[in-house]
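**Q** Protein chains in written order, with this note's numbering: chain A, 1 to 537; chain B, 1 to 233.
Hints were generated in silico from the structure; no laboratory data involved. As the structure is a prediction and not an experimental result, all values here were calculated from the model. Every residue, glycine too, gets a C-beta built ideally from N, C-alpha and C. Only true hints are included.
Computed list of chain A residues with no C-beta within reach of chain B, every gap over 12 Å:
no. : residue
1   : T124
2   : I281
3   : G288
4   : I316
5   : D335
6   : L365
7   : K376
8   : L378
9   : P392
10  : L409
11  : N414
12  : Q466
13  : T506
14  : V520
Among the chain B residues that face chain A by a calculated CB cut under 8 Å, a handful are:
no. : residue
15  : R47
16  : Y62
17  : G63
18  : Q81
19  : W84
20  : M88
21  : Q156
22  : R160
23  : R210
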Amino acid sequence: MSNQSNNDEELLARLVREAGEPSVSPDPQYAESLRATILARAAAAKTVGDTAEPTRQASAISPITPERNRKMKRIAKFAVAATALVAIGVFVSWLAIGGGTTSIALAQVAVALDHLRSATFDITSEAQGEKGQPPVTLTGKGLFLAPSHQRIEVSVDIDHNPAVKAAAHAAERIQVADSSAAKADGHAAAEAMAKAVGSMPEMKMNQVSIVDGQTAKSIMLMPGMKLAIAMDMKKMREAMKKSAKLAKDPPADVFEMVRRLVREGSSGAGEKVERLGMKKIEGREAVGFRTRCDNLQEMTLWADPQTAWPIRIEIIVETFGGSRLVMNNFRYDVDLDPSLFSLEPPAGYSSQAMNITVPVEEDLLSTLRTIAELSKGLFPAKLGMNKEVMEPLMAGARPEMDRLTQDKLDAEMNKVVAKYGGRDKLRAKYGKDMPPAIMAEIMKATMPIMHEQTEKRMREQMPLVQKRIQGLQFYVMLKPENDAHYVGGGVKLGTLNRPIFWYKPTGAEKYRVIYADLSVKELAPEEVKKFPVAKPK
Amino acid sequence: MPDIRFAANDFFRSRKYTYADAGTNKGAGVADDDQSSLITALKQRDRSAWSDAVDRHLHEVYGFVFHLVGGDRAVAEDLNQETWLEAMAGIEQCDAVRGSFRHWLFGIARRRVALYYRRHALVGNPTPFCDQFEDAADLEGISILPHDVLEQMERQAAVRAAMLVLPDDRRKALLWKYAEGLSVDAIAARMGRTVKAVESLLSRAREQMRNLLRGYMTPCDSGRRTSKESSHE
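Bound-form chain B, shown alone (with noise of 0.2 Å):
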C-alpha cells in the first residue's frame, strides 16, 4: 500500500509547491497555481495536505484566538478547535481566487470570536452563519474584529492578534523594526532581501496592521472600507 505522505509530497513537488508563499494572500483575484494546488488538495481531504496545514498554521491561529478572548486559554482552545473543523466542513467555500487558505482560516477564526462575543451578549445580534464564507476568504481588507467587538477588547491584544494575521515575514519586519529597532538595511541583511523589497514589505504590513486595526489608528484608509464590510458590519 503506498505511504499517503510520500504520495502527497510528491504531489506538492510535482507542482513546485511551497508554503513559504502559502501566508501570502498575493494573487487575490487571480487564482494562485500554489494555492490552487493546496485548496484542491485539502478540498479532496489529502491527509497529507491537512497534516502540513496543521504544523503551518496551527499555533498562529491559536495565538490570534488567544489574544482576541483575552488570554483564556480553555475558550481559545475552544475558538481554535471550532475554527479548524468549520474549515474541514466548508473548505469547499475557499477559493483561491479570492485569496489564500490561511487567510480564508484566519477569516473563519475572527467570525468565530466575533460570535463568541456577540453569544455573550456584549454586543449585539449574532451575526447570520451564512456570512461566515463570504468574510472569510477576505481577511486582508477588513478589520480585525468588527468595529462593534473590537472595542471590547484590550487595545494590546488586538495588535498582537493581528500581527499574527500578518504572514510571517511582515510580522518579523515589523517587530524587528519597531520592536527591536533595527533599520531597514539590517532587518535586509537578517532577510536576505533588498532594501527596497523589505520596505516594500514594511509597506503592506503597515497598511495590513491599519486596515486590521481599524478603530484603533487613526482611519486615514477608511475610504478604502470594503462594501462588503459596510453591509455586513
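The following block holds chain A by itself, in its conformation from the complex (with noise of 0.2 Å):
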C-alpha cells in the first residue's frame, strides 16, 4: 500500500470517526404524510393519469364573437376572459426558485387535486378594457365534477353602457328635433334612463360554458337569448396533436390547467416555483406558492395546510392582452346532480352547432385581406383584437336592423309615451330631464325586441365572425420562440414585394414571410434581418 493510500484510509478514518453514526430520522408525521402522498400519487397516476389523461386534455377553445356595438364587444371580451383561460396551450416551464419552508409542498396540492371528485367555487374575471377604459369584470360561479366536466356560470359586468346606448337610442326618439342640442339632451337623458334601468335583470348578460373534456365538447348557454351553441373540439383536438406548433394539448378546463401547472411545477418538470410561506387567505391560515410560465402565465396558489386544498387560486395570462382569473370560496367534494354538466341544449333553448379548427397561416391571409379591404385597402398598424381590427371584421357581419323589427320597437316605444300623453306633452313638461322611471319602463319595453335582435346577430354573425377572427386566433397563438414579427401598417393591400409579416414556424430552419400583396415565401434568417425594423410579436 503507498504511502498516498495510507494517507487516505487515515484521514478518511478520521472523518468518519469525526462523524460517526449518520443516520438521522424524519419527523414521523411527516414521513407518513410523505409517504401517503406517494402512495396516493401511485394509485392516482395508475388509475387517473395513465387512463384518463390522453382524453382529459381536450381542448376547449369556445368562439370568440365579438360584435361592433359595446355591448357585444364586451361580451367578446368576456368571452375571452372566460375561455383563453382554458384556450391556449402553455409550455409551463419552471424553477424552483427555493425559499421559505412550509408545511406542505405544491407536490401535495397537486395530490389533492388529481383525487377531487367535485368542487364549486367563486370565479372572478377580469380582462382589460379597450384603451381607456375600464377593465371588463366577470363574476360567477364554477362547478366541476370528476373526471373532466366543467360548468361556469357568469354574469357581465357591462357597466351599464349598453343601457346608455340603447336609451340615448330611445331618447333620440322621443327628442324628435334633430338639433346637436336636442341631441344632447337625448344622451343627458338617456344617462338618467341608464341610472334607473342599471338594476334590471334584463341588463345582466349571463352565460354558461359546459365543457366535457373527455369527450372534447362544450356547449354555450345564453339564457337571456334562449340560444345554445355547442362546440365539438375534437377535430381541433386531433388536429393539434399532429401538429408541431404546440408541444401539449390545451388543459380542458380550469382545474386541469391549475392541476397541469401545480402538477408539473411540484415535479420540477417546469421551471419556476417561489414559495410564500404562510398568510391569513380569506380567514384561514394557508400556505402560498407562485408559478410563473414563459411569458403566458403566472398563478398564485393558497391551499390550506392541512388537507392541501387550495383556497384561492389567481391567474394572470398575458395572452389577448392580459386578464386575470380569481377562483376562491371553494368547497370540495359536494354532491353536484351530473344533469348540471348535460350537454344537451336546456327545453326551449335554440341551438346552432360550431366546429372549431385549428388556426392555420391561410385563416391569417385571409383575415389580413378581410381587415384591409374594408379598411379603405390599408393594412391596420397592430395586429391583434384591437379596436382597429375588430371593427372592420364586425363591420361586414352585422346585419343592419330590419324595417319589421324598427316598426316593432317604434310601436312599443309608441305604447308607453302614449300612457302620458305622448311626445310633445313629455317634452313640453320635462324637457330634458325625463323621469327615470318613465325611462324604464320605455326600456322594459323594447328590451324584448333587443333581445330578439341581439339573437338575430349572434345567430348571423358567429359564423362569420369566428371565420374572419381564425387568423387573429393563428396569430395570438404563435410563441416567442416563432420570432413573429408584424409591419403592415398603413402598407396598402396588393402592394408588391412589401413584407409585412414573418415568423419561423416551430422546427423550422426558414422563415415564412407574408407580403403585402398577400404571397408567402419562404426565406433564411440572414435575408429577414434586412426587413424592416420591427419589434417581436
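Quick one: dock chain against chain with the hints and give me the complex.
**A** Right, dumping it as C-alpha cells:
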C-alpha cells in the first residue's frame, strides 16, 4: 500500500470517526404524510393519469364573438376572458427558486387535486378594457365534477353602457328635434335612464359554459337569448396533436389547467415555483406558491396546509392583452347533479353548432385581406383584438335592423309615450329631465325586441365572425420562439415586394414571410434580418 | 377484488427479488434482473413497489439531505419531498442498466441540494434541470455535491451525508472499522461474511467515500473523474 493510500485511509478513518453515526430520522408525522402522498400519487397515476389523461387533455376553445356595438364587444371581451384560460395551450416551464419552508409542498396540492371528486367555487375574471376603458369584470360560479366536467356560470359587468346606448337611441326618438342641442339633451336623458335601469335583471348578460374534457365537447348557453351553441373540439384536438405548433394540448378545464401547473411545478418538470410562506387568506391560515411561465401565465395558489386543498387561486394570462382569473370560496367533494353538466341544450333553447378548427396561416392571410379591404385597402397598425382590427372585421358581419324590428320598437315606445299624453306633451313637461321611471318603462317595453335582435345578430354573425377572427387566433397562438413580426401598418393591400409579416414555424429553419400582396415566401433568417425593423410580437 | 399488496409480493417473489441488493450498484452498465424488476414495477406505479421503496429509502435520503443542508429540518423535509416526487414523475428515466434505483434516487437528492444552494445565491448559476437525470443515475462515480457547492459545506455534514449514500453493508463496515475500531475479523464475524469479503467491502466503501468526498480528501483518484462530471460542473 503506498504512502498516499495510507494517508487517504487515515484521513478517511478520522473523518468517519468524527462524523459518527449518520442516521437521522424524519419527523414521524412528516414521514407518514409523505408516504401517503407518494402512495396516493402512485395510485392516482395508475388509475387517473395513465388512463384518463389522454382524454382529459381535450382542447376547449370557445368561440370569440365580438360584435360592433359596445355591448357585443364586451361580450367578446368576456368570451376572451372566460375562455382564454382554457383555450390556449401553454408551455409551462418552472424553476423552483426555493424559499421559506412550509408544512406542505406544492406536490401535495397536486395530489389533492388529482383526487378531487367535485368542487364548487366562485370565479372572477378581469379582462383589460379598451384603451382608456375600465377592465371588463366577470363574476360567476364554477362547478367541477371529476373526471373533467366543468360548468362556469358568469354574468358580465357591462357597466350599463349598453343601457346608455339603448337609452340614447330611445331618447333620440322621443326628442323629435334633430338639432345637436336636442341630441345632447337626449343623451343626458339617456344617462338618467341608464341609472334607472341599471339594476334591471334583463341588463345582466349571463352565460353558462359547460365542458366535457373527455369528449372534447362543450356547450355555451345564453339564457337571456335562450341560445345554445354546441362546440366540438375533437377535430381541433386531433389536428393539434398532429401539429408541431403546440407541445401540449390546451387544458380541458380550469381545474385541469391548475392541476397541470401544480403537477409540473411540483415535479420540477417546469421552471418556477416561488414559495410564499404562510398567510391568512380569507380568514384561514394558508400556504402559498407562485408559479410563472414564459410570458404567458402566472399562478398564485394558496392552499390549506392540512388538507392541501386550494383556498384561493389567482391566474394571470398575458395572452389577449392580459386577463386575471381568481377562483375562491371553494367547497370540495360536494354532491353535484350530473345533469348540470349535460351537453344537451335545455328545453326551449334554440341550438347552433360550431366546429372549431385549428387556425392556420391561410386563416391569417384571409383575415389580413378582410381587414385591409374593409379599411380603405390599408393594413392596420397593429395586429390583435384591437379596435382598428375588430371594427372592420365586425362591420360586414352585422345585419342591419330590419324594418319589421324597427316598426316593433317604434310601436312599443309609442305605447309607453302615449300613456303620458304623447311625445310632445312629455317634451314640454320634462324637457331634458325625463323622469327615470318613464325611461325605465320604455326600456322594459323595448328590451325583448332588442334581445330578439341581438339573438338574430349572434346567429348570423357567429359563423362569419369566427371565420374572420380565425387568422387572429393563429397570430395569437404564435409563441415567442416563432419570432413573429408585423410591420404592415398603413401599407396598401397589393403592394409588391413589401413584407408585412414574418414568423418562423416551430422546428423550421426558414421564416415564412407574408407580403402586402398576400403572397408568401420562405426565406433564410439572414434575409429576414434585412427587413424593416419591427418589434417581435 | 385482489389485494394489491399480495399481488405485488407475489410479483417480487416470482422474480426472486429481494431488497437486500437494492442498495448496491452492482452491475452498473448491465441491467440487473432484480433492479429491472423493481424499476419496472415502479414505472408501472405499482403501489406496493413504491411502498417498499419508501420504507427502504425514505430515512436515508432524508438523512442525506438533512446533513447536506446543515441540519435544517424544514428545508430537509422540503427537499426530501421534492426528491421523491421528482422520482415519481421521472421514473421513466430510471434505467437499470445505468445503476440501481437507490443511486438514481440519491442522484436526484444530490441535484436538489445543489440547486437549493445555488438558488440561495451561494454560488454560480443554477444547473439546467435537464441535466438532472443524466447525473442522477450515476452517483457512485461522482462527488457527493458539485465542488463549488461542496466548498460551502461543513465537512462533518458532508461525511455523514456521504456515508448515507453508501449501501447499508458498506456503511456498517466502515463505521465498525473506523468509529468502533473493530478488526476486519470481528466485522466479518458480525456480518457473517468471510474476511476477504469484508476487506473487499471496505475497499469499495473507501473508494466510494473518496469519490463522494472529493475536495475533502486527497485527490488520489482524480484521473477517474468522469467526462460527464467535468462537463456539468
